[in-house]
Amino acid sequence: MVIPATSAPTEARIWQLLEEVSDPEVPVLSILDLGIVRGVAVEGDKITVTITPTYSGCPAMNTIATDIRLRLLAEGYTHLTIHNQLSPAWTTDWMSQAGREKLEAYGIAPPVDGTATGHMLNLFGKDTAVRCPICKSEHTHLVSQFGSTACKAHYQCDDCLEPFDYFKCHN
Amino acid sequence: MLTQDLSGTKAAAATEPSLLFPYVLQLADTSLILAHRLSEWCGHGPILEQDLAMANIALDLLGEARSYYQYAAELEGQGRTEDDLAYLRSAVEYRNPLLVEQPNGDFAHTILRQFLFDNFHYHLLRKLKDGPDAQLAAIAEKSVKEAAYHLKWSSEWVIRLGDGTDESRKRLDKAIATLWRFAGELTTPTAAETALQEIGVLPDYATLLPEMQAHTEHVFAEANVPLPTAVFAQLGGKTGRHSEHLGYLLSELQYMQRTYPGLTW
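Each protein sequence line maps, in turn, to chains F and V.
Residue 5 in the working numbering sits at position 5 of the first sequence, and the numbers go up by one each step.
Counting from 1 along the second sequence, just add 171 to a position and that's the residue number in the working numbering.
So that you can see chain F by itself, here it is in the shape it has in the complex (with noise of 0.2 Å):
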C-alpha cells in the first residue's frame, strides 16, 4: 500500500530521511555517514538521490538503492530517480566524524587519514598504526589486508589479543 505523500518534498526533508537509511554490512553507519550520498534534488514531486559506489563491486549497493526507495515510499515519495556516479570515486575522506565514532564504538576501527595503500613500491611497508577499538592499544598488527568485505583490513591487538577489522583508509 502506497500512503500518499503528506507534504511535498523538500531537500532538507529528503536529507533528514536519508540519515534513518543504513549501511546493510555496517549497520551502525547511515548512509549519509559513510559518504556515499552525493546529492538530493528535487524538481516539484520528482526527486533526484545521487550515490556513488564504496568499491567497483560492493554488493550492498543494489541493497543500498532499494532500501532508499522503501523509506522514501513509506512517506508517500513516488517519483525518485537513483543514479549511480562513479566519478569523482569515493573516498573515506567523506566519512563523517559521527560516522567515525560510531564504527569504534562498534568495534571497528575507523580509517586513518592519509594512509591509502600508498605507492606499489611501498612493498612490504611499515603496517598503518591502528588503535585497538576494544583496549583503545596502539600496538596492534594487521593479519591481512582483506577482510571480511572490501572496505576493510584485518588486524590483531598486541595487549589485549582481539582481533578486529580495520576500515581501510582509501583515496
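If you're looking for bench data, these hints aren't it; they were derived computationally from the structure.
Wrong hints could be hidden among the right ones.
[Said to hold, decoys possible] Covered by chain V, according to a simulated footprint, are these stretches of chain F (three or more residues, beta-carbon under 8 Å):
1) 56–69
2) 83–89
3) 122–134
4) 142–152
Quick reminder that beta carbons are idealized off the backbone N, C-alpha and C, glycines included.
Please arrange chain V on chain F, whose structure you already have, making use of the hints.
Relative to the frame of chain F, chain V by itself:
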C-alpha cells in the same frame, strides 16, 4: 533499478561508438574472466586470509567488469544488456587476452598470473583515468585505487614465494615457464586498439612499458629471481582465438542463463 550516470562530473567527450565498443567489451571480458578464475579459489585458498584476498579481488574485478559491460551495451545501442553480453556470447566472441583464462594451477601459478595482469592493469588505468573518453575515465578513476591494492598484494606474494623455501621457488619458476609467454599480449595492440591509440583515446602501450618494466625488475630483484628474457609472446585472445580453457570456463559461468534463459535471483 539503478540508472547509470558513470561520467558524473567529468566533461563529456564523444568517441565513435563503433570503434570504442569492441575495446570496452575487451576490457569487460578481461576483468570478468579473471574474476571468475579467482572466484574458483573461494573455499580452497591455502589459508583463510588469502582465500578472502582472492575473493575480494575477484569482487573488485567483477564490479569493474559490470561498469564496462553497461557502457558497452550503451555504446552498441542494440538493446542488449550487460547480462546478455556476459552470459550469451560464445568463446570466439570473447576478447580477453589469453593470460586471464589460464587455469589457476597452484597458488604460485595464480599469483604470477595476477602479478602480470595487475602490473599492466594498474598502469593502464592510471592513463585511462585522464583519457578523453569521459565514461572510460570515470570507470578507471574508480578502479585504479583498487588495482593499486591488488598490485601491492600480488607483488608481495611474488617476493615471498621467490625468496621463500626451495619448494615455493620451484613452484614460482614453473609458473614463470608456463605463463610468461602470455604477458606480451597485454601490451601488443590489436588493429582495434591501434585505431583508438591513433585518435588518442587509448595510451600508446609503449608509454606504459618503462614503469611496468621498472616495477617488474624491482619485484624480481627483491624475490631473488632472475627475469626471463626474450620470451615469445603468444597472441590470440584479444582477437577471439582462445585456448581450450575458455570454453570450459564459460560453460560453467554461463550455465544458468543458457539453461534457464532470463532467470533472476
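How the hints compare with the structure:
no.	hint	verdict
1	56–69	holds (count 7)
2	83–89	holds (count 7)
3	122–134	holds (count 3)
4	142–152	holds (count 7)
Checked against the numbered hints given earlier, the structure satisfies every one of them.
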